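Undergrad: Sequence:
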Amino acid sequence: MKKLLIIWFFSLIVISLSFCRKDVNGPGNEINNPKDEGFNVPHKDLVALKCVFTENYSGLLLLDYYDPSNYKIVKDPPACVRTPRFSANKDKIIFNTKPYAPGAGYSFALYDVNKDTVKNIRRLSGLNLYGERPVWKYDGSGFYYYVYLGGVYFYQFDTQLDYNFGPGNFLIHELYGLKGTDTLMVYGYDKKLGKQSYGNYFTDHEGSFLTRIDNPYLEPVHCSTGIISEYSKRLRWNSTAGLFVCSEYDSTLNGRKISVTNLDGSYYRSYTSGDYTDDYPVWGPEGKTILFNRTEWIVPYFYYHGVMIIDVETGEVSKFINPETINGAIRLWDADY
Numbered sequence: 001m002k003k004l005l006i007i008w009f010f011s012l013i014v015i016s017l018s019f020c021r022k023d024v025n026g027p028g029n030e031i032n033n034p035k036d037e038g039f040n041v042p043h044k045d046l047v048a049l050k051c052v053f054t055e056n057y058s059g060l061l062l063l064d065y066y067d068p069s070n071y072k073i074v075k076d077p078p079a080c081v082r083t084p085r086f087s088a089n090k091d092k093i094i095f096n097t098k099p100y101a102p103g104a105g106y107s108f109a110l111y112d113v114n115k116d117t118v119k120n121i122r123r124l125s126g127l128n129l130y131g132e133r134p135v136w137k138y139d140g141s142g143f144y145y146y147v148y149l150g151g152v153y154f155y156q157f158d159t160q161l162d163y164n165f166g167p168g169n170f171l172i173h174e175l176y177g178l179k180g181t182d183t184l185m186v187y188g189y190d191k192k193l194g195k196q197s198y199g200n201y202f203t204d205h206e207g208s209f210l211t212r213i214d215n216p217y218l219e220p221v222h223c224s225t226g227i228i229s230e231y232s233k234r235l236r237w238n239s240t241a242g243l244f245v246c247s248e249y250d251s252t253l254n255g256r257k258i259s260v261t262n263l264d265g266s267y268y269r270s271y272t273s274g275d276y277t278d279d280y281p282v283w284g285p286e287g288k289t290i291l292f293n294r295t296e297w298i299v300p301y302f303y304y305h306g307v308m309i310i311d312v313e314t315g316e317v318s319k320f321i322n323p324e325t326i327n328g329a330i331r332l333w334d335a336d337y
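Letter 76 of the sequence shown, counting from 1, is numbered 76 in the numbering used here, and no numbers are missing.
Be a bit skeptical, because a hint or two may be false.
Said to hold, decoys possible - Restraint ranges, calculated between C-beta atoms of paired labels, are given here: (1) 149 <-> 304: 40 to 46 Å; (2) 299 <-> 43: 40 to 46 Å; (3) 123 <-> 67: 35 to 41 Å; (4) 212 <-> 316: 33 to 39 Å; (5) 265 <-> 163: 43 to 49 Å; (6) 202 <-> 120: 42 to 48 Å; (7) 273 <-> 239: 26 to 32 Å; (8) 149 <-> 286: 36 to 42 Å; (9) 211 <-> 151: 18 to 24 Å.
I should point out that these hints are in silico values taken from the structure, not numbers from a laboratory. Since this is a predicted model, take the numbers as computed values, not measurements. Note that CB positions come from ideal geometry on N, CA and C, so glycine has one too.
All chains, full assembly: derive it from the sequences and hints.
TA: Here it is as structure tokens:
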């Protein structure tokens, strides 16, 4: 009996030490950056990224666009960060996090850049809000988000209430973002007309109108079967450049390619070949660069090349930042500027 008690006692010590070890519950000291305390970058120069430390742990990373080695790791987020998105004035960042609700998506959290605080976004009832792909309203009063089995919703911060958003019979398949201050870009189809009406559309914050984007380069792709593909273009608009950036897919490509086009399609330029899966592009400052994710299918795995950058004028493509630059990071992903 005494021997069993001794074994039990030492087992408790081992378990306690395991839970106290920071490299078990998360990256711990590995993610500390000695420059965190002195991190003082103008908001307009900030880039937000998902920073993966282990396959089960990712954090929110802020860095200086002009000096990516100058970075800050946000300490408070839970062990999962997805698709961080800046508000228009870059004072706040919405991102997805755990827990995950089947049929709805991940929950949401809000990071205050000025206060360096993180809080979960909840309904007035106290329940978590679940969805994907958040898009800020320009005035920062709330955000739109997509629910797998429920369409698009809008959440209002001051009331903590959310309501279904959608123009009439139109089913939104993807919510891209804003064009200017009042126009939303969406991808979907009219349920009365069927999936042959799939396309990219403009609407307003109330969903009171729906206008198809008249650009031949932004029309949905027909697969080899003749059916319209549900792959969206991942549109982002830049007012300074007067251009859309998109991630294109068709049956002739191994992956996806990054291209730009103007409003009516009279200008078009493709920057990558489609040999890789180049996806989720975002504009850099003044529309002079584009950041995007790059992966490659090397049987039997996806290889993550990370966040790449395009010089819009020269067409040069290079890696924006190496994970080795960040203490403890193995992958950087989902940039927003």
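Undergrad: Give a verdict on every hint.
TA: Status of each hint after checking the structure:
1. 149 <-> 304: 40 to 46 Å: 29 Å Cβ-Cβ, so the 40 to 46 Å window is violated.
2. 299 <-> 43: 40 to 46 Å: 43 Å, holds
3. 123 <-> 67: 35 to 41 Å: With a Cβ separation near 40 Å, residue 123 and residue 67 satisfy 35 to 41 Å, so the hint holds.
4. 212 <-> 316: 33 to 39 Å: 34 Å, holds
5. 265 <-> 163: 43 to 49 Å: 35 Å, violated
6. 202 <-> 120: 42 to 48 Å: Violated, since residue 202 and residue 120 (Cβ atoms, about 32 Å apart) do not stay within the stated range.
7. 273 <-> 239: 26 to 32 Å: Roughly 28 Å apart at Cβ, these two residues keep to the hinted range, so it holds.
8. 149 <-> 286: 36 to 42 Å: 39 Å, holds
9. 211 <-> 151: 18 to 24 Å: 19 Å, holds
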